[in-house]
Amino acid sequence: MDKAIEPNRVMPLEVLDLSYDAGGKTLLNKLDFRLEDGVRTVILGPNGAGKSLLLRVCHGLLQPGSGSVSWAGRTPSQAGRELAMVFQRTVLLRRTVADNIAHTLAIMGVPREQRSSRIDTALKEAGLSELEDHPARTLSGGEQQRLSIARARVLRPRVLLLDEPTSNLDPGATAAVEGMIRAADADGTRIIMTTHDILQARRLADEVLFLHRGGLLEHTSASEFFAEPKTDEARRFLRGELLE
Amino acid sequence: MKKFLFVFVALAGALLGNFCAATEEQPFLVLASTTSTENSGLFDYILPEFTRDSGIQVRVVAVGTGQAIRLASSGDADVLLVHHRPSEDAFVAQGLGVRRYPVMHNDFVLVGPAADPASVIGQADMLQALQAIARSESLFASRGDDSGTHKKELSLWAEAGVDPVVDSGAWYRETGSGMGATLNTAVAMGAYALSDRATWASFGNKGELKIVLEGDPRLFNPYGVILVNPERFPHVRASLGQAFIDWLVSTRGQALIAAYAIDGAPVFFPDAMVDH
Amino acid sequence: MSEVFSAVATAVELVVRLDPDLVEIVALSLKVSLSAVLIAALVGLPLGAAVALVKFPGRRGAVILLNAAMGLPPVVVGLVVYLLLSRAGPLGELGILFTPAAMVIAQSILITPIIAALTRQTISDLHEEYDEYLCSLGAGHLQRITTLLWDGRFRLLTGLLAGFGRASAEVGAVIIVGGNINHVTRVMTTTIALETSKGNLNLALALGIVLIILAASVNAAAVLIGDAASKRYG
Chain A
1 MDKAIEPNRV
11 MPLEVLDLSY
21 DAGGKTLLNK
31 LDFRLEDGVR
41 TVILGPNGAG
51 KSLLLRVCHG
61 LLQPGSGSVS
71 WAGRTPSQAG
81 RELAMVFQRT
91 VLLRRTVADN
101 IAHTLAIMGV
111 PREQRSSRID
121 TALKEAGLSE
131 LEDHPARTLS
141 GGEQQRLSIA
151 RARVLRPRVL
161 LLDEPTSNLD
171 PGATAAVEGM
181 IRAADADGTR
191 IIMTTHDILQ
201 ARRLADEVLF
211 LHRGGLLEHT
221 SASEFFAEPK
231 TDEARRFLRG
241 ELLE
Chain B
1 MKKFLFVFVA
11 LAGALLGNFC
21 AATEEQPFLV
31 LASTTSTENS
41 GLFDYILPEF
51 TRDSGIQVRV
61 VAVGTGQAIR
71 LASSGDADVL
81 LVHHRPSEDA
91 FVAQGLGVRR
101 YPVMHNDFVL
111 VGPAADPASV
121 IGQADMLQAL
131 QAIARSESLF
141 ASRGDDSGTH
151 KKELSLWAEA
161 GVDPVVDSGA
171 WYRETGSGMG
181 ATLNTAVAMG
191 AYALSDRATW
201 ASFGNKGELK
211 IVLEGDPRLF
221 NPYGVILVNP
231 ERFPHVRASL
241 GQAFIDWLVS
251 TRGQALIAAY
261 AIDGAPVFFP
271 DAMVDH
Chain C
1 MSEVFSAVAT
11 AVELVVRLDP
21 DLVEIVALSL
31 KVSLSAVLIA
41 ALVGLPLGAA
51 VALVKFPGRR
61 GAVILLNAAM
71 GLPPVVVGLV
81 VYLLLSRAGP
91 LGELGILFTP
101 AAMVIAQSIL
111 ITPIIAALTR
121 QTISDLHEEY
131 DEYLCSLGAG
141 HLQRITTLLW
151 DGRFRLLTGL
161 LAGFGRASAE
171 VGAVIIVGGN
181 INHVTRVMTT
191 TIALETSKGN
201 LNLALALGIV
211 LIILAASVNA
221 AAVLIGDAAS
231 KRYG
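For the record, the sequence lines run as chains A, B and C. Note that our numbering has the first sequence beginning at 1, numbered continuously upward. Note that our numbering has the second sequence beginning at 1, numbered continuously upward. Note that our numbering has the third sequence beginning at 1, numbered continuously upward.
If you're looking for bench data, these hints aren't it; they were derived computationally from the structure.
Beyond 10 Å from chain C on every Cβ pair, some chain A residues (computed):
id : residue
1  : D32
2  : K230
3  : L242
Below, computed lysine-lysine pairings styled on DSS-like, alpha-carbon distance capped at 30 Å:
id : chain 1 : residue 1 : chain 2 : residue 2
4  : C       : K231      : A       : K124
5  : B       : K210      : B       : K151
6  : A       : K230      : A       : K30
7  : C       : K55       : A       : K25
8  : A       : K230      : A       : K25
9  : B       : K151      : B       : K206
Virtual Cβ for every residue (Gly too), placed ideally from N, Cα, C.
Next comes chain A alone, as it looks inside the complex (with noise of 0.2 Å):
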């Protein structure tokens, strides 16, 4: 795979004894981790162990309760547009294909003028030329998240955040997002993603990151993590005995 390698401002993320509370529980724990640059990070773990609250307190949706995160130094917040983030459940605006991207070109303050060619860009890497007048909210689960995932990369931030982006998807669109994911990858886009489908943690992980509780577990190379699980519950989430 061809990996852009350009001067980064935004890796390494640095995240510092995080901890994150709410409502008497400790969501995270302490956790402490180095992401570098030129990988595909996948944060795995069972329901409930924290992966997605992790992955908006670093993208800065949600402050940390304590300790820190900085993105070569800066703060989510000044790394700003350099990060861009998918969710779960899609949110699609009511309106047309094209204009869920326009808006988002729109608020990004891009010129009116170069938006129509962004778009048509956008919606080509999507597979969405055709439907660029449909209602996008009358598209498939899988159409729907590739359009997510178009918009969201609609400015060509450095980091894709995706939070478990095909746990609602059948195969084929499952393969189709992958393939976007990839393709985001091949860009250079610095991937991190969260998903409790281990099957896809290997199909996509450079590295792993096992959430368990709000504590991490593991971050290991994904080979090793597959091959030789050094924590008990590890071991039980990939024989499928860890369910929460």
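Dock chains B and C against chain A, hints included.
Quick look at chains B and C alone, frame taken from chain A:
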């Protein structure tokens, strides 16, 4: 979005501007009067003639006499035309009105079900009729709204030595509404009711009801017209109001009042010439 | 029953003949109520959106108040507006009592809470759904509000139509502040009240039928727009 908002505001402006233009084109005065004069159709008959003669539009707010006097007392009308002499005199005495002019009269009638449970038909004395109704506890629909007719009815009860209000809700039913609504209620319940002749004559839903007593001199019903005092309320359209009053009591106005008839029978009788 | 049939016949006749008095009255009704909707929208849309989006102390109270105000009794509104506009009242100088403008004011007050409450509900639901997406883009306040108002436009339109329906159907407020003056402030509902009091039940019912048809058309439009929108945009 902006375009949307612009169209919106423009439309609102246009609509509101429309009102102002429409309301300012002709001189007008506001006349507070009673439902009996409005519902009888008298105003529809004479006011266009006045407008033709003078170029002045008359805007009639038709409510009960009590409410009409309250409207005029707040300065919300220019001229008052009602039918309750004591209230009218008090209005002038308090300096709220300039002077009372007698305009016309008609009379009240007692209407009731043809079956006549209180055996009123054939009697000539209103007081005895009321006593008979009370004695037989026949249903009676009262305006109960402080109108001229209501005040008149209460004074008749008092004269007859009956206090019907203690039986309110039993045979004595206070509707708290206008003449027409009260007549509708009386028709539906088969009740007796006191009505001015004009409203009764033009009423379209008489059902089983008919006049059971008329002609008692106590049932005399005079109407007076009063200009609201411009010294008290400087905005009162005094010259327009006085022009209307002068026209109403003039030979022409009085002739028109006398000429107004329902089913061939006159309903109002001019007073201005006699009473002066 | 026969009364209803003859009332229907009268209604049809009035409409087919385009009775000039009927046309005048319907036109004034529409003019007054549409103006009231416009004014109520100018106040209610931003107000509803603000209550939905801006966090302030007492917001729950404001929401409850707004919802309760949807049921303001027209007679009370009419009375309050009357007292304000009366020559003896604080706004008596304007001299607009017993004019269509006074009726517009009363109806605006009556329906602003309806429009504001429905706007708040719409915007608040949409906001819950769009919040993370808009946050992730770093959208500003104005961008958020325009996005939400635009995406909620069909439901907001339904709210406006609901307001129009209520305004055009109420009689208690306009009869007090308008005075039901022939050719000046006489609208459909006050005419119905007047004809009823004259005992012309047939004509009153016929006018009522015309009013119901008008209200039904407005509501049908609301339903159709809502359906079409949800089919088209989800």
